[in-house]
Amino acid sequence: MTKKAYILAGLLLASGATMAQLPKWPIEVGLKGGATFVHGYTVIPAQPTSIVGVQVPQIDNKNNGIGTGYTAGAFVRFNKYNRKGYVQVELTYNRYVLKQKTNLTLDVNANPALAARLPVSFAPGLLNATVDVTSESVIESYNVPVLFGRRVLHDKVRVFIGPTLLFVNRSVATRNTQGQINPNTAVGFGTAVPIPATAETTNLLSPREATNLQVKRVTWALEAGVGISPLPFLDIDLRYAVPAGGVYKDTNIKGYLGIATLTAGLRIP
Amino acid sequence: MHLKQYTIYRWGILAALLVGTAGCFNNEEAQRVDPISSGTADFTRYVAVGNSLTAGFADGGLYRDGQLNSYPSILAQQFRLVGGRDFIQPLFSADQATGTGYLKLTSLPTATNPLPTIVPVVPQGVRGLLNGRPLYTKFNGNGGINNLGVPGIRMSDVQTPGYGSPLGNPYFERLLPDGTPLRTYLQYVGDNLVGATFFSCFMGNNDALGYATTGGVTPFTPTTLFTANYTALLDVLTGSGRKGVVINIPKITTAPFFQVVTLTQVLAGVNAAVQKANPGAPTIPALVIESPLAPGGIRATKAGDLLLLSQQADYATIGSAAVGTKKGPYGLSPLNPLSTASVLDAEEVAALNAKIDEYNTILKAQADSRTLAYVDLTTLNNALSARGGYVQNGLAFSSSYISGGVFGLDGIHFTPAGYALLANEILKSIGTTYKASIPAVDPTRYRKVLVQP
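Chains as they are written, first to last, in my numbering: chain R, 28 to 296; chain D, 585 to 1037.
Mixed in with the good hints there might be a few duds.
As the list claims (entries may be wrong) - Per the computed footprint, the stretches of chain R lying under chain D, defined by three or more beta-carbons under 8 Å from a beta-carbon of chain D, are: (1) 176-183; (2) 273-286.
To be verified - Here are some, though not all, of the chain D residues that point toward chain R, as calculated from beta-carbon distances under 8 Å: (3) 699; (4) 702; (5) 910; (6) 979; (7) 987; (8) 989; (9) 1028; (10) 1029; (11) 1031; (12) 1033; (13) 1036.
As the list claims (entries may be wrong) - Ranges of calculated distance between the beta carbons of each label pair, as one might list FRET restraints: (14) 621(D) <-> 75(R): 29 to 39 Å; (15) 77(R) <-> 667(D): 16 to 26 Å; (16) 70(R) <-> 896(D): 48 to 58 Å; (17) 1023(D) <-> 105(R): 19 to 29 Å; (18) 726(D) <-> 140(R): 53 to 63 Å; (19) 667(D) <-> 279(R): 29 to 39 Å; (20) 953(D) <-> 77(R): 17 to 27 Å; (21) 279(R) <-> 751(D): 23 to 33 Å; (22) 130(R) <-> 714(D): 52 to 62 Å; (23) 201(R) <-> 853(D): 33 to 43 Å; (24) 201(R) <-> 897(D): 47 to 57 Å.
Bear in mind the hints are in silico, worked out from the structure with no lab data behind them.
All of these numbers come straight from a predicted model, not from anything done at the bench.
Beta carbons: idealized from backbone N, C-alpha and C, even for Gly.
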């Protein structure tokens, strides 16, 4: 059983002790907050550079643990739909953190910062470097989910699904790189030279900085989840979303991102 | 609380949240401040006048990659940000990219070969030979050329008819239209100034460099001729009130050409050879050289004497009685001193620097009298020679041979990174004189000496 399945089972068990959620008002409003958990991988296709014969090879960014962020905002729940069902609209501010790692070998000229550190330049194909890169990509966005829900299990559990509009406000990637420049005795570069660990931050909303990794300003996700109400005014929701509208402007970037959110909501009396 | 009041109260909280967050949206574009400005200058059509440094000469030759990274080309790229238009250079074509040929570095020093491996690249831009000298592929600049740099040109040459003939300077000959071999450089400049709004003038180096690289054999250009020709050149360039920038002559003896081969190294080699042949022989403390400016014309080497990168083959014959006057061991006997052409001795260095100061005084006076921007390369030159080098964007550039990143394999001319540093110095001066705000380039993103197969 996966961790998510355990959490889901726990929630369902806990629902036995929860209260039936018969809505008191046809329209309910509330404030909510919680944590976000992101995982996923991305495959960035090989990119040409301004130097003939040099390209940045395909980068396989693998998942490097769960990235934890936060969510906070408000919701409005419209209960007029036969009291079993409801429509919930939210406005939240969210921080998502995606942790990834990769390992690649590339021509030193494919990384201008690396090439600049060498006292001499090398023609393409003469010198390559092997680097390990870990990255933390952060997206902060205003989200507007529109969720269609229904009360089940004697009204003790809510299940819901719907689209979420994301308006990205900030997105930066922090990359930590280390590795080595590999030797090539044919040109007198006899021993490997370590590349000391370096960190760089990139604004993923800036076309100039992010280049092909530029993040969309507006996108959408598909979200589904379950919720319980252990107290009359308290909602605990667990949901999972996938950014179906894509995260990057470059549609050639493939991969999978999953966003789990655990929140507590206080309905305002 | 009544239902209506509850509703207002709850919606009020939501509205407050909405209003509170609406102003927080991060807009990178809105935060941009754009200070770029041409100031009081007009960079619509820029023309560069000068010698090999202007032409993009590098690694002992004029070739396409060097031309593409010339400092005028880098400047023109920045001038585009403030209204500059096309900048035409007399490039060798991609098919003839090696141009006049040049030196290339194929390997760094290794355990078995302590010297870098430098080999010549075959020229592709030669259309024929005349009296054993190459004639280079002509460049058809019908639309007007912007980079008028001619390798080798001196101030003394600018008004010489025939300087661009097949018997003259082959770099100038390839630029002149067919049938105009007697056109002078000054006339050629005038021909290409049509519509020009801004100029750079980097001339005079060769009037001193020729003396330096030949160990003092080639005479300096007489000051009166230098002044007359420089005045004539600036008269043409500043016609119609055209604005521009004048670049002075750096003290060139800090270049690797004069610093790579040292007296200490050569003496160590000579003494090692002597000890091998005659174990226990006394150590030779100095070489014996011709020094025309010293009393008697011959003396032992001393601090301040500079050996030349181009004369390594000559230094390899030191001690041989089969070269020179053949009246004793070459370079070790007063009867067979090292040729004056092989050493820029301390007296000649002093004469050279005095002459450069004299020339620069003329350049500065001319620039000031015409309210032109004036670039003094002394600061850059000193920074490159200083311990720790000249740090740009976290990286140190220096005048060290090959590893310094600034000078190419000939030890005199710049790498693309070196030309980028030069371009930035010129941009600084333009900014000061014309109140222009043009971004500097990042020299760390330009290549240094290139290791290539």
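We went through each hint and held it up to the structure:
1. 176-183: violated (count 0)
2. 273-286: violated (count 0)
3. 699: With Cβ-Cβ at 10 Å, over 8 Å, it is violated.
4. 702: violated, 12 Å
5. 910: Constraint on residue 910(D) not satisfied, violated at 39 Å.
6. 979: holds, 6 Å
7. 987: holds, 4 Å
8. 989: holds, 6 Å
9. 1028: holds, 4 Å
10. 1029: holds, 6 Å
11. 1031: Interface hint status for residue 1031(D): holds (4 Å vs cutoff 8 Å).
12. 1033: holds, 5 Å
13. 1036: holds, 4 Å
14. 621(D) <-> 75(R): 29 to 39 Å: holds, 34 Å
15. 77(R) <-> 667(D): 16 to 26 Å: holds, 25 Å
16. 70(R) <-> 896(D): 48 to 58 Å: holds, 54 Å
17. 1023(D) <-> 105(R): 19 to 29 Å: Since residue 1023(D) and residue 105(R) have Cβ atoms about 54 Å apart, the given range 19 to 29 Å is violated.
18. 726(D) <-> 140(R): 53 to 63 Å: This hint is violated: roughly 42 Å between Cβ atoms.
19. 667(D) <-> 279(R): 29 to 39 Å: Given about 37 Å between the Cβ atoms, the range holds.
20. 953(D) <-> 77(R): 17 to 27 Å: Given range 17 to 27 Å: violated, Cβ gap about 43 Å.
21. 279(R) <-> 751(D): 23 to 33 Å: Since residue 279(R) and residue 751(D) have Cβ atoms about 59 Å apart, the given range 23 to 33 Å is violated.
22. 130(R) <-> 714(D): 52 to 62 Å: Given range 52 to 62 Å: holds, Cβ gap about 59 Å.
23. 201(R) <-> 853(D): 33 to 43 Å: Cβ of residue 201(R) to Cβ of residue 853(D): about 53 Å, so the range 33 to 43 Å is violated.
24. 201(R) <-> 897(D): 47 to 57 Å: holds, 55 Å
Violated hints, listed in ascending order, are 1, 2, 3, 4, 5, 17, 18, 20, 21 and 23; each of the other numbered hints is respected by the structure.
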